[in-house]
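> In case you want the letters, here they are:
There are 2 protein chains.
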Amino acid sequence: MSANEAPLEQDLAVLIETQPDGLAAYLEGVHPADLAKWARNASDGDVTIVFELLDSEQRIELFHFAEDKVSARLVALLDVDGLVEVIESLGADEAVDLLVHLEDDIAEEVLRRVDLERARGLRALQTYDSDTAGGLMTTDFATVESGCRVGDAIKELRQEDERTIGDETGIFIVDEHEVPIGWVSDRDLVTTPIHTPVEDVMAGIPVTVRPTDDQEDVAIAVSRYGLQVLPVVDVQGALVGVVSAEDAGGVYEEEAEEDIRRLVGTSTEEQTHLPVMVRVRQRLPLQVLTVLGGIVTANILRLAMPESKAGDPAAFNDILRYVPIVIGLAGNVGIQASTILVRAFATGEVTPDRELRVLSSEVLVGFLMGLLCGGTTAVVATLIETDIDGAVAFGSAVGIAIAIAITWSSLLGSSIPMICRRLKFDPAIVAGPFMITLSDISGTAIYMLSAHLILSSAG
Amino acid sequence: MSANEAPLEQDLAVLIETQPDGLAAYLEGVHPADLAKWARNASDGDVTIVFELLDSEQRIELFHFAEDKVSARLVALLDVDGLVEVIESLGADEAVDLLVHLEDDIAEEVLRRVDLERARGLRALQTYDSDTAGGLMTTDFATVESGCRVGDAIKELRQEDERTIGDETGIFIVDEHEVPIGWVSDRDLVTTPIHTPVEDVMAGIPVTVRPTDDQEDVAIAVSRYGLQVLPVVDVQGALVGVVSAEDAGGVYEEEAEEDIRRLVGTSTEEQTHLPVMVRVRQRLPLQVLTVLGGIVTANILRLAMPESKAGDPAAFNDILRYVPIVIGLAGNVGIQASTILVRAFATGEVTPDRELRVLSSEVLVGFLMGLLCGGTTAVVATLIETDIDGAVAFGSAVGIAIAIAITWSSLLGSSIPMICRRLKFDPAIVAGPFMITLSDISGTAIYMLSAHLILSSAG
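Residue numbers (our numbering), protein chains in the order written: chain R, 1 to 459; chain E, 1 to 459.
A few of these clues could be false.
Unchecked claim - If you want the footprint, here are the derived chain R segments under chain E, 3+ residues with CB under 8 Å:
#, stretch
1, 211-224
2, 251-257
3, 434-441
What the hints assert, rightly or not - FRET-style restraints, in silico, Cβ to Cβ:
#, chain 1, residue 1, chain 2, residue 2, range
4, R, Thr-48, E, Arg-281, 21 to 27 Å
5, R, Thr-127, E, Glu-57, 41 to 47 Å
6, R, Pro-285, E, Arg-357, 31 to 37 Å
7, E, Ser-267, R, Arg-357, 32 to 38 Å
8, R, Glu-17, E, Ile-181, 29 to 35 Å
These are computed hints drawn from the structure, not numbers from a lab. We put the beta carbon where it would ideally sit given N, CA and C, even for glycine.
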């Protein structure tokens, strides 16, 4: 692939730093999609410098390609005039997504100043949840009535097509109640003689959705029928919006990412660019759940234990009862680190020259999580293991051993995918059950060894 | 969504059974995408009956929408004449995917009989791996040389456009060496006056790929730049193929599904339609890994144990050393069942009326896996725990307790998403760490209780 963002990042850093005069000329040759990607990890100051140098067409294209988070930062750089221009030039679905980022009174002022019909369409779109068909659809679509000819459809599109950005293709054929009865692709409009009745070339409408339908239904419908656009209809069946294949495809990516996030307990995207503390905060909830579950398990196991006399010293049994915490945490940490790295390799987020930096920061994340989880376990174990003589020493030993084992697992989880890449294996094969099993076994061994050493040197 | 496959399935079952005469008329009203979906789970006999009744255009559309597995079954129903017609009518990328399913000599005969130029294109496509840009691209694309006008591009498309099926849109502008320098969308061809030079309306080429590039690079490029088609070029930069956005989008779905499959240890798609034994076979490798890892861990823990005399009866310690197996298996089984059901709910695979059947078959799957994993553990434990007096009783107790705990986890993993759906919660929130923690705790408790009961009643 000939697109590579590392040079862009370096070029922009140098130009912003040393020769702002050359920057404007350089930006003319940069694709807005690349600029949008760069802006994700760039500082506010750099983004402002670059944005100020773009002309209004470049700005609109940047908004078209920018992610939600980037758009939210960019709208803050525009005055009301600039906002009106952007809102009028984007697709209606994208315009509505931008309005969300504005203060209510500013959004209201912008809406008052855009074309009346467009404002009405945008207000209607604003009422739908973002994860419904209504939230995905745009009101920018073209229709002709049945009985027309191909030439009429072309004429209609030429009148409508004032905006340059928009993913909608083809034209819907509607009956007198605005109910869609067919659709003609742009390609058919190009290749069919203009006097042909549209009914002769139109494809049927295999499926429609309602604005309140879930976005996943939209994605399924578009994918199953291979649609370029999906019609959204109201209760009477009249066409009120269309969802493009591109927007519907985004749903699948989003839902799949959601599934993975749920299974791994964290988003896997752009993790390696986040500050260490943010990474710890994002991954901690899963570990807290595991620690709590492990503490409950440790106590269930105590209930099942042969009775010991109060005041007995900590025994092998007692250390063993905390193994479930280690197994759970080691598995989590190993699978998080390896899944994040495998995906980061696949998307090109981690280039070979960033490997060492990413490795050390991931191990630091693991170490901090180990400290927090080990510390929590130490405190709780000290408080509840009152039957054990020397509960403080026992709790501390367990906690420290957990911290050591978790740090080890994060080293394992981040280094093995890197080693696989070096050896030209597909790193993906390790980022699953294999990693969990390896973390479990080695984590448990390290935990037992550490706990024994600490307890025996303390005793 | 107005598409629902349950009625189609029922209608076809009734018509095939009772009135084959009405079937042909009924099939005319069925969308080929729905028919392709139906064929995934239909018997060979039913598929044959339906396929025989389709005319050649319907058959070609069915191939266009059919998944690989269905296509493989369908090509077997065609003679060489039929094959030639299908291969000539499909997009080149789809035609090549079909040729794979044919015996070598039949494929050769088909290729000899299709148009010479097309055969050459197909042979070239056959050389690429299916997970590369070359494997995704089609050689069906249109170009005009720079310096042409919009009208020339339209004329070119009218000549090329003999096939009806194909997702490629727009036309590439190439220089004298066939190097792409721009692209004009079908929409721009429709809306631009025909005398306009193509250079005035063409978009630039932000990125190209080589045929050997990984399919993930293709998906990333198409998604990042919002492309309708991605040009594939050879070493000299000349255009050799194009990948449509639709085909590139499939890569994301595939890779995401792959990630989830790896994390869950099994494919999650259409699981509830598979025979129980197939489901067991698919999910077993993950469990085997867990059992092996758990047995290793049990032995590491034994090494760390305070020395006991040979001939000691099985102690609490010994049962405890097998908890890692239970925790691993319970987590696996719970997460597999819940992830599969959550996805099956989301895609409409499991309708409320199928719930009970799906629940009982999932629990049966869990029970069988529990038997196999418990049995394996029982045998291994009996063989290696030679220090324990009554190793057979000990091994059996551990094995039976594991089987009980795993069956419980599969009941938990399948029933909780169903309960969530009944209570109108999003079932997705439970199919993750929460399910693992719950399975871990309750599985461990059930394991300890069962093992103690069995051991004490045996002793």
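> Would you pick out the hints that fail for this structure and give their numbers low to high?
4
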